[in-house]
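Here the structure of chain A is known, so what remains is to put chain B in place on it, guided by the hints.
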Amino acid sequence: MESFAKNIYKLILKYDIFLKIAINFRSYIYPECKGGYACLAGMAVFMLKWIFAVMLIISAIFGAVEGNMGQVCEAALNSSVEAVDLFLYLLGGMCMWGGLMRVAEKAKLTDILSELFRPFLKHIFKGLDMNGGAFRAICMNITANLLGLGNAATPLGLEAMRRLEQEEHTGDTASRNMIMFVVLNTASITLIPTTAASLRMKFGSAAPMEILPCVLITSACALAAGLISAAALDGMTLGRRKKE
Amino acid sequence: MSDHVIPIFIALIMIAGLVKRVDVFSEFVEGAKESLGSAFGILPALIALMTAIGMFKASGALDVISAAVSPITEFLGFPKECIPLALIRPISGSGALAVFGSILSDVSPDSYAGRVASVIVGSTETTFYTAAVYYGITKIKKTRHTIASSLTADFTGFIMSALTVRLLLH
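If you read the protein sequences in the order shown, they are chains A and B. Everything in the first sequence is counted per numbering that gives the first Met the number 0, starting at 0 for the first residue and increasing by one. Everything in the second sequence is counted per numbering that gives the first Met the number 0, starting at 0 for the first residue and increasing by one.
None of these hints come from the bench; they were simulated from the model. Note that the structure is a prediction, hence the values are computed from the model and not measured. A hint or two may mislead.
[To be verified] Here are the simulated lysine-lysine pairs, BS3-like style, with alpha carbons at most 30 Å apart: (1) B:Lys141 x A:Lys48; (2) A:Lys125 x B:Lys140; (3) A:Lys121 x B:Lys140; (4) B:Lys19 x A:Lys121; (5) B:Lys32 x A:Lys121; (6) A:Lys201 x B:Lys141; (7) A:Lys125 x A:Lys107; (8) A:Lys48 x B:Lys79; (9) A:Lys121 x B:Lys138; (10) B:Lys138 x A:Lys48; (11) B:Lys19 x A:Lys48; (12) B:Lys19 x B:Lys32; (13) A:Lys121 x A:Lys107; (14) A:Lys201 x B:Lys79; (15) B:Lys140 x A:Lys107; (16) B:Lys141 x A:Lys125; (17) A:Lys125 x B:Lys138; (18) B:Lys19 x A:Lys107.
Here chain A stands alone, though its shape is the one from the complex:
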C-alpha cells in the first residue's frame, strides 16, 4: 500500500513536465512574465484555452451525431444570459461581504486573530524567526483568508513570500516553509462559504447554510492532507534534486 502511494506521488511529481511545457508557452500567454512560476498561471490559461475550444467543438459534433442540435443551439444562445443572471445574483453578496470584511480589517480584527494563531503556526513553519517579518505576514495572511478577505489576503501573501525569500535565501528552489505556505493557501481555509451559500439560495435551497459543518470538516481534512504530504515529500524531492 505504501509503495502504491509512493508511485502515485512519483506520477504526480512528473506533473513537472506539464509545467515545463507551460513555460514554453509563457512568452505567448504572458509576455510580461520574466521567469519564475508565473507560468503556472500561463499553464492554467493554457489548459483553459484547450478546455474551452475542445468543449465547444465537441458540442457541435456530438449535437449533430446525437441529433441534439436544437438543444445545443438553444444553449449557445441562452447560456450567456444565464451567466449574467448568475453574476447579478452573486454581485450583491460579494459586495456585502467585501464591505463587511473591510470593516473587520479596519477594526484590527485580523491583528487580534493572527496573535491567536501564532502558537499553532509555529509548528508548521519550522526554523523561521518567530518575530520576523515573514512569520508576521504569514499569520496575517492566514487570518485574512479565514475571514474571507480575498482582497487583503493576496497582498499579505505576496509580502510573506518575498520575506521568506529574503530570510531563507532560497535562490531558485522553493524552501520547505514556502511550500507549506503555498499549500496552506491553495487549500481554502475560509470560515464562511458565502458564494456557495448565495448560489444555493438562488436555486431554492431550504437551508443554504446547512453545508457549514461539512465545509469546515472538509477544509480541515484537505488542509491536513496537504500539509502532511508537503512535510512527507520534503525529503523526497530534495533527494531527487540532489541526484540530478
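Showing chain B alone in chain A's frame:
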C-alpha cells in the same frame, strides 16, 4: 445552529468596528466598491465558460463522460454530477462557479449531488492560480512538490465532501 452564525458574525464585526472607532459605514461602502471592481473582472470568463458548459451539456457529451467514469465514482461514493466540478476546480475559479451553477440548476441544491457540489465550492481553492501568483513574485523556478501536495489537498477535499455530506446531512 447554522442560522445563528452569520447574524452573530456580522454583529461582532460591527461591535469591534465601533469599539475601534472605525467609520463603519464609509468603510463598508469602500469595501463594497472594491469587491464590485473585482466581481466585474470575472464576468467575461464566466460568460465564456458557461456557454461552453451549457452547449457541452446540451449536446449529450457530458452524459457520455459521466457514464464512462461512473464505475470509479460509484466506488468512491462520489456523485457523478460533481465530476466536471472536481476537474475544473483546481484550474479556474470562474469555471468552477459556472459548473456549480449548472449543477444546481439540474439537481436541487438540497439533493445529495447538490450538497456535495456546495461543499466542494466552499472548501477548495483554485490551486494553479494561487500557486502561480505566489511564486510569481519570487525568483523560484523549482517549486518541488508544491503542486503535488496542493492536488493531494484538493483530492482529499473532494472525497471528504462526499463523505461528510453522507454522514452529516443524509
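Quick rundown of the hints versus the structure:
As the CA atoms of Lys141 (chain B) and Lys48 (chain A) are separated by approximately 25 Å, the hinted pair is consistent with the 30 Å bound. Taken as a hint, the Lys125 (chain A) and Lys140 (chain B) pair is honoured in the structure, with Cα atoms around 22 Å apart against an allowance of 30 Å. Distance check on the hinted pair: Lys121 (chain A) and Lys140 (chain B) sit about 26 Å apart at the alpha-carbon level, within 30 Å; holds. With a CA separation close to 29 Å, the supplied pair Lys19 (chain B) and Lys121 (chain A) stays within the 30 Å bound.
With a CA separation close to 36 Å, the supplied pair Lys32 (chain B) and Lys121 (chain A) exceeds the 30 Å bound. For a cut-off of 30 Å, the pair hint linking Lys201 (chain A) to Lys141 (chain B) is broken: about 43 Å separates their Cα positions. Taken as a hint, the Lys125 (chain A) and Lys107 (chain A) pair is honoured in the structure, with Cα atoms around 27 Å apart against an allowance of 30 Å. For the hint linking Lys48 (chain A) to Lys79 (chain B), the alpha-carbon distance of about 24 Å falls within 30 Å, and the restraint holds.
Note on Lys121 (chain A) and Lys138 (chain B): the hinted pairing holds, with a Cα-Cα distance of about 25 Å set against a maximum of 30 Å. The straight-line distance between the Cα atoms of Lys138 (chain B) and Lys48 (chain A) is roughly 27 Å, inside the 30 Å bound, and the hint therefore holds. For the suggested pair Lys19 (chain B) and Lys48 (chain A), the alpha carbons sit about 48 Å apart, so the restraint of at most 30 Å is broken. Our distance criterion of 30 Å between C-alpha atoms is met by Lys19 (chain B) and Lys32 (chain B), whose separation comes to about 22 Å.
At roughly 22 Å between alpha-carbon atoms, Lys121 (chain A) and Lys107 (chain A) fall within 30 Å of each other, so this suggested pair holds. Restraint check for Lys201 (chain A) and Lys79 (chain B): satisfied, since their Cα atoms lie roughly 22 Å apart, inside the 30 Å limit. Among the hinted pairs, Lys140 (chain B) with Lys107 (chain A) is inconsistent with the structure: their alpha-carbon atoms are about 36 Å apart, more than 30 Å. Simply put, Lys141 (chain B) and Lys125 (chain A) have alpha-carbon atoms about 20 Å apart, close enough for the 30 Å limit, and the pair holds.
Annotation: proposed proximity of Lys125 (chain A) to Lys138 (chain B) holds, straight-line Cα distance about 22 Å (limit 30 Å). Restraint check: the Cα-Cα separation between Lys19 (chain B) and Lys107 (chain A) comes to about 8 Å, which is no more than 30 Å; the hinted pair holds.
The structure is inconsistent with the numbered hints 5, 6, 11, 15, although it conforms to all the rest.
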